[in-house]
Amino acid sequence: MRKAAVILGSLAVLAACGNSNTNSNASGNIAVEASDDACKVARTAAATGPVTFEVTNKGTKVTEFYLYAEGDRILGEVENIGPGLSRKLIVEVTEAGKFQTACKPGMKGDGIRGDFTVTGDSKKSTDGDAMLAEATKSYQRYVNSQADQLLVKTEEFVNAVKAKKVDDAKALFPVSRTYWERIEPVAESFGDLDPKIDGREDVIAEGMAFTGYHRLEKDLWESGLQADSEKIADQLLTDVKEIVSKAKSVELTPVQLANGAKELLDEVATGKITGEEDRYSHTDLWDFRANVDGSQAAIAALRPVVEQKDKALVSTLDAKFKALDEALEKHRKGDGFKSYKELSQDEIKALAEAVDALGEPVSKVAEVVSAK
Amino acid sequence: MTGVSRRRLLGYAGAGVALAGAGATAGVLASRESPEVENVAAAKVPFRGEIQAGITTPAQDHMHFVALDVKTTSRDELVDLLKQWTVAAERMTAGQEAAENGAVGGNAEAPPKDTGEALDLPASALTITIGFGPSLFDDRFGLKDKRPEALIDLPRFPQDDLDPARSNGDICIQACANDPQVAVHAVRNLVRIGFGRVAVRWSQLGFGRTSSTTRDQATPRNMFGFKDGTRNIKAEDTDLLRDHVWVTEGPEWIRGGTYLVARRIRMHIEIWDRTSLTEQEQIIGRTKGEGAPLGQQKEFDEPDLHVRGAGGVPLIGEVAHIRLASPESLNGVRILRRGYNFTDGSDGLGHLDAGLFFLGFSRDSRTHFVPMQQALSTKDEMMEYVEHTGSAHFAIPPGVKEGGFWGEGLFR
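Order-wise, the sequence lines are chains R and P.
Just remember that this note's numbering sits 1 ahead of the position in the first sequence, which is counted from 1.
Just remember that this note's numbering sits 11 ahead of the position in the second sequence, which is counted from 1.
Bound-form chain R, shown alone (with noise of 0.2 Å):
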């Protein structure tokens, strides 16, 4: 089964290369098939104004496919495309460049990347308020991509809690977490919906129930599941639903956009470099990951912006970002990543210093931003 795999593999990546030299500036639709290990461009150029990619999965996994900007900016994905499932992607393209395309089996990780150029007249708008105003569309693209997913997986683990399939709830627990923790300062502007669904047991306040994730995680990890885990999790799922369908009708300003980056940073430096958040599971670094993935998602929307009044800050902003990434892909472990409790206290040292660096450059961004 693997051999013939990877033989599938090669052959799918040679097919892509013999593709992407033959049709390079046609236009039309734009055919991607993604497998396991592999994402064939059917092409790899095109011009200015939409584009259109045809995503089909042939593979085994369910994957994602996006269209990145420079700095990892999303300029447009689809998720959760299943196996012999297709989906169609439409981008907006304002401007000539270098572009990359990534399929991502299992929907982790940077995924399989492709060089794709863009040709043509810029469509793209040099006005500032044009710009803010994409900026924030942009990043409510994201939002909205997220809060998608948060639902999807979320109904998932409680539907694992429900049928007390333990260990499968405990696989899903930190990736439904992925999705709430790449938007948390969205979700968290809903007061009393972030403490009913992302409540430490510290933290709930007198004659509130401890409910949401961390119950569930404690009833999976530490005391069994319980007589009314069914019930909690039936709440949860409300609760997200809620909270989702609010979170897509948010507007956010550019200022706010860059506070939200800064204070995931926050949140990774006061809760998960502590492994305060999820005590009972020890899950901390996969939160760790989504608060970065979100900061990051939300400096690349403003990036254009800052590209325009600080190139200076936008280089530094990359150099820490990767360092950060650098700094915690070390500890991945299949598919996902170490237990706290394995990480040394050197280790966490280390990624605390990495937070601390990128946090800096990043709570600069809110006044270039807002700078006329």
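Don't take each hint at face value.
Label pairs and their calculated CB-CB ranges [stated by the list, open to error]:
#: 1; chain 1: P; residue 1: G361; chain 2: R; residue 2: K89; range: 46 to 54 Å
#: 2; chain 1: R; residue 1: E156; chain 2: P; residue 2: D174; range: 56 to 64 Å
#: 3; chain 1: R; residue 1: T239; chain 2: P; residue 2: A176; range: 55 to 63 Å
Here's a subset of chain P near chain R, in silico, CB distances under 8 Å, partners left out [claimed, not checked]:
#: 4; residue: Q170
#: 5; residue: D172
#: 6; residue: A176
#: 7; residue: H279
#: 8; residue: I282
#: 9; residue: S357
#: 10; residue: G359
Derived from the structure by calculation, the hints contain no laboratory data.
Using N, Cα and C, we set each Cβ at its ideal position, and we do this for glycine too.
Knowing the structure of chain R, use the given hints to seat chain P on it.
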């Protein structure tokens, strides 16, 4: 030297003469004078008086606070210790060694009775204040019946992250002085006298007072860079002290005293420092420079919690610190705050282990500290930047009279 003569020296002749009994009525309490001195760096603060020094005394610049557990099970040994402590404490607040000929004048073959590091230093306005924690009132010393109802085990507050090694204790000693070496010397020598009978549970050094306790003192700044304690009760506010600080109920021994809540509040200052000025000011509810309540001009302008800005949004936000902590939001209750900034080095992750050591005195923590902390720990936006890592509650008996000793009323 006696307490009275020191008072005379400092121009407070007679203040200690009209001593009210421990069961003084509220009226007497209101009229009495506080044993204040001018906040001269080197001044001597009277040790004896109707109330203990170190509460309404103008806040000194440095603090060493220690919580101790009693190790002896003998009531007599404990009483002896309190008597020995009283002698040493009184001497030290007068700028003397802990014992006569303590540092160098004694038997050369014996270790000196005073540790010596405060030789040549003036009294530095040293005050030493004692208190008794809830755990002292168990079966060991027959004090069960003497435990005031108000001396509760503090409830757990949301977001508390208390370290047992920084919390509670049978006895506390608060030493404040304008020279840190003098404060540390006082605690060190008292602890030394107590070895074998008491053991240190935890201790905290504080630098930089975060509250002014008299109208003459400028309002200092905390580690967030904001003026702290603008609306604090001041020594001159005798009516407020009567209504909110001095105990009039409970067992005889505590009447005329007060209750102290100590909280070690770690601040995530690196995170705070990355927060915009606007957000910092909104979290506090005051401007950073002048310290004026939002919507007002000057530091001492009364906050107006009803002023609204653009879009009908309150200028002092619903979750701003000064709104939640204001008497207006807490049924009028006030606490006399006397906290200190601290920095205990760093935390091993490259962050300063810094914050505010909160010291708050009130007549009943159940009606004063607890509701305030409930409100803050559930709503205060500042909670994202702080973490309560230590907590303790003590009953602070009234002052020591001539010939008396610390906590005498408790063992009567």
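Of the numbered hints stated earlier in the document, which are not met by this structure? 2, 3, 6, 9
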